[in-house]
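Visitor: Residues per chain, in single letters:
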Amino acid sequence: MSIRFDKLGVVIALLVAYGALAAPFATFRANRIVPGDAKTILEALPAGAGAALLGVMVAATVVILLKTPTFLRLAAAAASLVAIALFIGMAATHLAPPENAYARVSPASGFWILLFAFALLAADSITRLKPRPVVRVLLLLVTLGGAAVILMSGLWDGLSILKEYAGRADVFWLEAGRHVTLALGSLAASVIVGLPLGILCHRVEPLRDGVLNTLNLIQTIPSIALFGILIAPLGWIAVNVPGAAAIGIRGIGAAPAFVALFLYSLLPVVANTVVGLAGVPREANEAARGIGMTDRQRLFGIELPLAMPVILTGIRIVLVQNIGLATIAALIGGGGFGVFVFQGIGQTAMDLVLLGAVPTVVLAFAAAIVLDSLIEMNVPRRERGRTA
Amino acid sequence: MRAWVPPILRAVLLAVLIAFLVSPGWFSPLLKPLVQDNAPAIYNQGSLLTLTLLHLRIVAIATAGAIVVAVTLAILVTRPFGAEFLPLSRSLVNVGQTFPPVAVLALAVPALGFGEKPTLVALFLYGLLPIFENTLTGLTTLPVSVMEAARGSGMTERQRLFKVELPLAMPVILAGIRLSVVISLATATIGSTVAAKTLGEVIIAGLQSNNIAFVLQGGLIVGALAVLIYDGLSAIERVLARRAGLFS
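Residue numbers (full-length UniProt numbering), protein chains in the order written: chain A, 1 to 388; chain B, 1 to 248.
Quick caveat, the hints were computed from the structure, so don't treat them as lab data. Given the structure is predicted, the values throughout are model-derived calculations rather than measurements. Careful: at least some of the hints might be erroneous.
Reference listing, derived: stretches of chain B covered by chain A, where coverage requires no fewer than 3 residues with Cβ under 8 Å from a Cβ of chain A [what the hints assert, rightly or not]: (1) 88-102; (2) 213-222; (3) 226-236.
In this text, a Cβ means the ideal position worked out from N, Cα and C, and glycines have one as well.
Modelling step: build the complete structure from the supplied sequences, incorporating the hints.
Guide: In structure tokens, the structure reads:
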């Protein structure tokens, strides 16, 4: 009997071998901004622990290389991810004793390569298992819950990113709140305005090209410029419109960021509403008219429900895009996770950049999974698998 | 009437853009009302033309790299040999799009230092996705009858790829490239937060010195470039689509 290798498995196994054996697992630095010392797995961990982690990697590699059942591969990926998550925390306490407040231990390239390799394997297994939308959301919750448990347990407290967090925990949650408010608030505003606008464009054809072209033009203005350009009109409104300043409209800060995100969000919402409504089968509309439904009944009972998956796709694009773009708000004093990213770039403190970037990525990723599941649940059963 | 208005508008836009880049001084009176206290109305810490060319160069290099890698990868995963990678590459595209450009840029800095390199990497990675996605769509949605005819006429796999599949998928691939270029043009401005020489420098200088005129001119140049390049690529696409339509 010949042994058959899995092609993707070979690629991932090579990545794992490089990440575990050749690349450094953690970086030790005497303080926050000096260049660091790279440590391999065996150097970064106490003797037994390093060997144990390598053992887990070898076992996982065997599972990956051979043509094994998908469930087993997913289990191997999950176990390995948990192992590297636990051991990086251990490396932090091993390399830098807790009483040394200046020393920093951060994950190095080997850690990120291993994380990437096993995340790839997990993604592939999950794609092959084709889980139902609910299961995908559950998997996301379990993963986030696991990370939360490790965070609470204090195992990662020795890592540099959490040392940055420890120094500014209050600010972190304040900026997190601002980030989410900006992203979700501008999304809500764009749905409230964009949905009726899309319906109007669908019904009144002469409007359509003009509205969509204008919204397209707005998209071409780079985000940092749009944020900046809005400072002027909003500053003028704050000074000249009574009551405007009282509700928080100001030239700099969250107001221009909110308006900019809102303007960027309109195109996907309006365009997808138009496309979704245009895709409603003629027979459905005619049948509805035939049984004597009014225009309004037809809109809410037939057209909007049938167009919902396409409209939701637009909302997904907007939400993921807004979570990313909200980081730029920090440049004009609008707050959000971007504050840490740009402060970190300014101080060449990469741990601080990570403190801003990692939550942004996690937030965008989680939003994408949840909305994708929502979209799939809204596609009529008969059509499933056709919309991609 | 309607047919020739857009081309004329585009020609005017191009002329204004070139005039502005070559001799920004002419436009100074227009922007003057936006600045306070006799601040300069036209960016004065470097030539706008040079910055524009550097901006375009960074986008061109990143996009060229992204085209080569994305199209090659898409071809590989649609061959029988690479079929095992197809489902994964689809979900990778989905996941990749959730990474905000600022995060990609900021995370590339520790590995590459400040300047053009992290910007190039971020633009390259960000530009991969739309091209890869569209090439995949183009190559996997070819009409079955055409593919069977090609096979039936005894074409080798290589001939089929270069003479049938790629030409037929070309309009969709080009649409992906167009999207990628427009995203990169705007994203390159963010590169200036890590000291890359792009038009973002003008905008950031404006934000820092509270000079709306700078922000406006930086933003409008990038916007005009995006509109013109988008239109140019759309025109090429239409020509190719017409040609592909001829022999399908």
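Visitor: All the hints need checking, so say for each whether the structure fits it.
Guide: Do the hints match the structure? See the list:
| no. | hint | verdict |
| --- | --- | --- |
| 1 | 88-102 | holds (count 12) |
| 2 | 213-222 | holds (count 6) |
| 3 | 226-236 | holds (count 3) |
In summary, this structure violates none of the numbered hints.
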